[in-house]
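Trainee: Okay, here's what each chain looks like letter by letter:
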Amino acid sequence: MDLLQFAIRKLISGIPLVLGVTFISFVLMVYFGPDKTYELLGKNPTAQQIEEVRHQLGYDRPFLSRYSDYLRELSTLDFGHSDSTGERVIGLLGRTIPVSLALTTPGFVLGNLLGVLLALIAAYHRGGWIDKFIMGGAVVGMSVSFLIAIVGFQLIFSSSYGLNMFPVRGWDVYSLTDYLRYITVPTMATVFVALGYNTRFYRAVIVEEMTRDHVRTARAFGTRPWKLLYKNILKNSLIPIITRIMFSIPLVIISGSLLIESYFGIPGVGKVTYDAITTGDQPVLKAVVGLTAVLFVLTLLLTDILYKMVDPRVSLK
Amino acid sequence: MRPEPLLSVRNLSIEFNTERGVVRAVDDVSFDVAPGETLGVVGESGCGKTVTALALMRLIPSPPGRVVSGSIRLAGRDILAMSEKDMRDIRGSEVSMIFQEPMTALNPVFTIGNQMIDVIRRHEALDRKSAKQRALEMLERVGIPIPDKRISEYPHELSGGMRQRVMIAMALSCGPKLLIADEPTTALDVTTQAQVMEQIVKLQEDFGMAVMLITHDLGVIAESCRRALVMYCGQMIEDAAIEQLFAQPQHPYTQGLLRSIPRIREQKLESLPVIEGTVPDLLHLPAGCRFADRCPRATTDCHESQPPLVAREQARVACFHPGLQDHA
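Residue numbers (the working numbering), protein chains in the order written: chain A, 5 to 321; chain B, 331 to 658.
FYI, nobody ran anything at the bench for these hints, they're computed from the structure.
This structure is a prediction, so every number in the text was calculated from the model and none was measured.
For each residue, glycine too, the CB sits at the ideal point set by N, CA and C.
All the given hints hold, so there is nothing to weed out.
Once the Cα atoms are required to be at most 20 Å apart in a straight line, the calculated EDC-like pairs of lysine to aspartate or glutamate come out as:
#: 1; chain 1: A; residue 1: K235; chain 2: B; residue 2: D419
#: 2; chain 1: A; residue 1: K231; chain 2: B; residue 2: D416
#: 3; chain 1: A; residue 1: K239; chain 2: B; residue 2: E483
#: 4; chain 1: A; residue 1: K231; chain 2: A; residue 2: D217
Computed Cβ-Cβ distance ranges for the label pairs, DEER-style:
#: 5; chain 1: A; residue 1: V148; chain 2: B; residue 2: P610; range: 49 to 55 Å
#: 6; chain 1: A; residue 1: I134; chain 2: B; residue 2: P391; range: 17 to 23 Å
#: 7; chain 1: A; residue 1: I134; chain 2: B; residue 2: T348; range: 23 to 29 Å
#: 8; chain 1: B; residue 1: E470; chain 2: A; residue 2: P316; range: 19 to 25 Å
#: 9; chain 1: B; residue 1: E487; chain 2: A; residue 2: T109; range: 35 to 41 Å
#: 10; chain 1: A; residue 1: Y183; chain 2: B; residue 2: E470; range: 54 to 60 Å
#: 11; chain 1: B; residue 1: V520; chain 2: A; residue 2: M146; range: 49 to 55 Å
#: 12; chain 1: A; residue 1: G269; chain 2: B; residue 2: E487; range: 55 to 61 Å
#: 13; chain 1: B; residue 1: R396; chain 2: A; residue 2: V172; range: 55 to 61 Å
#: 14; chain 1: A; residue 1: L15; chain 2: B; residue 2: E487; range: 26 to 32 Å
#: 15; chain 1: A; residue 1: L15; chain 2: B; residue 2: D478; range: 36 to 42 Å
Just so you have them, the derived chain A footprint on chain B, three or more residues with Cβ under 8 Å:
#: 16; segment: 421-427
#: 17; segment: 430-440
My request is simple: use the sequences and hints to build the entire structure.
Mentor: Have a look at this one:
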């Protein structure tokens, strides 16, 4: 019951956040965004034609009424049709978001799980050569640009110069085997880069926790080293770990997949967003921006609930 | 003839590597603890009490710390030569330790029951249910009201005194032969201090274990110990039975410590006597007696060579000019 109340309160307090984000982005879109009029009219339009098109596009209506339309669209999830393809925006997103999720989830989950695991191993052997080896690898992962990682893995695994085992582009998924074939290389590239940052961060968190008094107490009672790590230390380190994971979710879904999607020719929401920005496809942009803000609020809520599950000192009041 | 000691420490020296050089935190310390005895260890902060205690559990963080010489024998076993695995089997079962900060010494994200059951099951082949039963009994014995409610609470839901009782319950749950209590009451308020100390003394009698009580509070020592060691700057400077220590302190430092305890019923003093000067830097120790610079009796001898620990009046003292002369 507490939890439900808390969720409702948190959702209500998220409304101003959504309003703020959408308002700012809408101002930017309206005053600094692309103007479709001249694209539609071609060369040498008359003043009357301009006015007519501006009226059709709704550009002549007052700002506030256009903004409230946007909010209505956001609440009904009906964003109209894409300017460039004419496809319904919600249909477009419904088609591409699942692809992006399917594409990024394995890399995201693996990147974090392996990150925590490697961090635990490194922290356990801290100062020793295993630690140095893992952390050296992490620095390499961090230092290699994502682009290089993508191109490198493509060369190694998907080109005739390398192993040529996986398709280099596209998304022709009809079965689990297809799926695995298409995501393997992108996932490897994502994990390779994410692992660097994750491992370093998680190791720092875990090592910090290892110096706490309660860890000394546990050692003084004969707790075995691995149990100390995976039980006593890990649960205490989970708050920063959860924070990092949860806050990267909205970014991973929207923008993290952009590079991957363009380089592997995968029709996901990152690609759709990118195209909408470059062509000034306002309906799509409005949908993506608004939904990202909502996603953030939901993530915040979930993060707080997870905090409570991990740490009994966190109250949901 | 004293009985075979439970714990026997000989010529123990411990060094720490610091950024500014090597510090000898414990220097040539030797003492015994008989089974069932309560030994007090007194001294000011940084005198090596805690480091000595941690060494008995082999819990000195290493690096930077290391035992450079000496031996520690507990119940006939050579602690310093044991494998890490054997050492873990002993910690919490043969020898337990309770720590100064009950606020942070317990794990904040597990219930006290969970933590106690972990300790019990670590050392004894009990299923969860019987381990929980044992934990409940222990909580009851350390004087925690409504143990079956408390057992499912988290450390932050308990008061400081309660938490320290939980620590004690945990420490005693596998029947240790030696309990090391490192400033167990320092972080508690005065009334709770008394209750917790009383509990420790009572449990010590019930369980028949030896207790090594580390504190800077001579009052606590007086109430609960039969014998006490006084440490200064990593060295043992006096080792005496408690009545002897309070009635006829031999070392000028011990005398200074005793004089600086406020007394309620005695004549009004202008100010509380203090020991003049400060503890020498462990990095730049004097060649002679480490207390010489602050000692009213210091002579050239004291500044030039270190006084050995010698037997005197049923005690052991490290001083060239021991006794009660010119100080009452």
